[in-house]
Amino acid sequence: MRAKQGAFHIIFTWLVVGLAVWQLALLLPTLELDSVRELLLLIFLGVLAECLAVPFAYGRLSGAFVLILSTFLIYGLAAAAWLSGLSTLFGQGIANRGNPVRTVFFNAGQYVLAVSAAAGLFRLSGGAQGQPLSANIFPLLVFTISYIAVNHILVNLYLAQDRHGISGHVSWFDSIKWDLLTYFFTVPLGILIAMMYGYTGLSGTFLLFFSILAVQLILRFYVRLQVTNMELTAFYRVAKALEGKPNSTEIIEQILTNAKRAVPFRTGVAYLRPEEGAPCLPVAVTGLYARQLMSTAVYQGEGVIGLALENREPEIIYDTRTHSLAKKEPGLCRIMRSLIIIPLFSGSDSLGVIVLGEKKPMVFDDKHLHIMTVLAGQAAVALENYLLKHRLSQVLSRDTLTGLLNFDTLWDTVSEHCASSQAAGYPIGLILLDIDRFKVFNKHYGREAGEMLLVELANLLSSSLRKDDAASRYGGDEFALLLPWAGGARLVDLAEALLKKIRDQYFLRGQGRSARITVSIGFAEIPRDAGDPAGIFNVAQRALDRAKESGGDRAMSAAPPLVD
Numbered sequence: 001m002r003a004k005q006g007a008f009h010i011i012f013t014w015l016v017v018g019l020a021v022w023q024l025a026l027l028l029p030t031l032e033l034d035s036v037r038e039l040l041l042l043i044f045l046g047v048l049a050e051c052l053a054v055p056f057a058y059g060r061l062s063g064a065f066v067l068i069l070s071t072f073l074i075y076g077l078a079a080a081a082w083l084s085g086l087s088t089l090f091g092q093g094i095a096n097r098g099n100p101v102r103t104v105f106f107n108a109g110q111y112v113l114a115v116s117a118a119a120g121l122f123r124l125s126g127g128a129q130g131q132p133l134s135a136n137i138f139p140l141l142v143f144t145i146s147y148i149a150v151n152h153i154l155v156n157l158y159l160a161q162d163r164h165g166i167s168g169h170v171s172w173f174d175s176i177k178w179d180l181l182t183y184f185f186t187v188p189l190g191i192l193i194a195m196m197y198g199y200t201g202l203s204g205t206f207l208l209f210f211s212i213l214a215v216q217l218i219l220r221f222y223v224r225l226q227v228t229n230m231e232l233t234a235f236y237r238v239a240k241a242l243e244g245k246p247n248s249t250e251i252i253e254q255i256l257t258n259a260k261r262a263v264p265f266r267t268g269v270a271y272l273r274p275e276e277g278a279p280c281l282p283v284a285v286t287g288l289y290a291r292q293l294m295s296t297a298v299y300q301g302e303g304v305i306g307l308a309l310e311n312r313e314p315e316i317i318y319d320t321r322t323h324s325l326a327k328k329e330p331g332l333c334r335i336m337r338s339l340i341i342i343p344l345f346s347g348s349d350s351l352g353v354i355v356l357g358e359k360k361p362m363v364f365d366d367k368h369l370h371i372m373t374v375l376a377g378q379a380a381v382a383l384e385n386y387l388l389k390h391r392l393s394q395v396l397s398r399d400t401l402t403g404l405l406n407f408d409t410l411w412d413t414v415s416e417h418c419a420s421s422q423a424a425g426y427p428i429g430l431i432l433l434d435i436d437r438f439k440v441f442n443k444h445y446g447r448e449a450g451e452m453l454l455v456e457l458a459n460l461l462s463s464s465l466r467k468d469d470a471a472s473r474y475g476g477d478e479f480a481l482l483l484p485w486a487g488g489a490r491l492v493d494l495a496e497a498l499l500k501k502i503r504d505q506y507f508l509r510g511q512g513r514s515a516r517i518t519v520s521i522g523f524a525e526i527p528r529d530a531g532d533p534a535g536i537f538n539v540a541q542r543a544l545d546r547a548k549e550s551g552g553d554r555a556m557s558a559a560p561p562l563v564d
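Numbers 1 to 564, taken from this note's numbering, label the letters of the sequence shown in order.
The hints are simulated quantities; they were obtained by calculation from the structure and are not laboratory data. Hints may be right or wrong, so weigh each one.
The calculated label-pair distances, taken between Cβ atoms and stated as ranges, are [unchecked claim]: (1) Arg291 to Asp365: 51 to 57 Å; (2) Arg291 to Leu202: 54 to 60 Å; (3) Asn156 to Leu225: 24 to 30 Å; (4) Val440 to Met294: 56 to 62 Å; (5) Leu15 to His370: 26 to 32 Å; (6) Arg291 to Leu26: 29 to 35 Å; (7) Arg312 to Arg466: 38 to 44 Å; (8) Leu26 to Leu225: 43 to 49 Å; (9) Glu310 to Asn406: 35 to 41 Å.
C-beta atoms are modelled at their ideal positions from N, C-alpha and C, and glycine is treated no differently.
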């Protein structure tokens, strides 16, 4: 599908250019040679208008229609067609904003065809040169509307292949609005120039047309203000979104979403490093080729992106086809001509990297780099805060000696599972475990050995857990195990297996000793024995107390057996 679209795009582009050249060749014999000098001066004004054109995401606004309309009324179709084609070709060639050569030729060609089509409809609607203005009002309206319509139709067909990838500072609706407003002023001015030409010659044309150039300059200033406002809005929205304490993926998605308001790009991808020493993996992608980019990775020091990450320096690649490293790389460098690479780092830690791509070369500049650097700085601060909060919560949720969950964290986990269990109807097992005669052990081996025993027992319990299980230090020498989906005979088997595993284990071998211990176990389950966290801990504690009173080294259930 993409190959067919590309072929259609190329054929359509050069078909428009070819038809325009053919039209200019047909009109060349009708061009008045006496007016060539004046035509060259008008072309010069047209080039100025194109150089000062106001760029939009879907095109550019220029006052050149004043010259086209007045030239058509004064000199005829041939002069207007040649004026529109040459002024566009030279003007956009000089003030090229990253467009490929075929786009410049297409723009020149579509203006020639638009003038020719508008002139034909002008004559069909009864218009004629030399008629009084009152007789040409309707034909001039037809000329203007058809010129606008043909231009927009051709441009939309040209952009149809990749409309979904277009992003820019000003919306398509805004460009249409300003386009119509431009014609609202340029049509009367073009008619006025044509009317005054008999009295003032080209001098009047120059004076009136420079007023159009002044309007273009004012409009350019307004658009720049609007773009600046969008940039500030992007910064504000990111800051506002980060107040909600989002997670790492949400932080990056906010950056990419709001970056579109200020930077023109087709594809944006953000990579984050899951842990120290690991490659950076994609967490958010927007625009073209999202599915393919989600399977990529960035290794520090490898490729242009990896080197930027290692050097911790943001970089613009103006054209990947001429860049010494990018032109040899697969992936994003093959499909995007322009790239912005922004590393994310906090202190000495590399957090990840954001990459923006655009199909056209020479799209990004230092202003875009500055905007993305600020946005990346916001992201880095938010990510650093998120990581610090996550690490702190991990530390606070763990017992300092054994590394298991502390009781408060286990209580919260049990509460969450209780709510889920009531909704989904699955059982939850809870095992409480206490070391038998731990005080005697401490007296015999010493307090330090007792602490080492607790650590080794915690490691044994951790190695016995399933994926969704949780272990906690319940008290001094007591431990608690939360076992979702474990109930009935399954819970009994797990408790008995744990009892035997501990009984057969030799502890303190790392200290040159060989100690063996036994434990008492009490277990219960939700919803059979209790329906809330307090209830399940109470009945499990009573079962544990019975196991200890019975001499230890046994597992007791909160539910009494039906048969002794």
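Verification of the supplied hints:
1. In this structure the supplied range 51 to 57 Å is violated for Arg291 paired with Asp365, their Cβ-Cβ distance being about 30 Å.
2. Remark: the range hint 54 to 60 Å for Arg291 to Leu202 is upheld by a beta-carbon distance near 59 Å.
3. Here the CB-CB span from Asn156 to Leu225 is close to 28 Å, well matched to the stated 24 to 30 Å.
4. The given range of 56 to 62 Å is respected by Val440 and Met294, whose C-beta atoms sit roughly 59 Å from each other.
5. A hinted range of 26 to 32 Å for the beta carbons of Leu15 and His370 is inconsistent with their spacing of about 41 Å.
6. Between Arg291 and Leu26 the C-beta distance comes to about 49 Å, which lies outside the given range of 29 to 35 Å.
7. The hinted range of 38 to 44 Å is satisfied by Arg312 and Arg466, whose Cβ atoms lie roughly 42 Å apart.
8. In this structure, Leu26 and Leu225 meet the distance hint of 43 to 49 Å, their C-beta atoms being roughly 45 Å apart.
9. Taking 35 to 41 Å as the suggested C-beta distance range, the pair Glu310 and Asn406 conforms, at roughly 39 Å.
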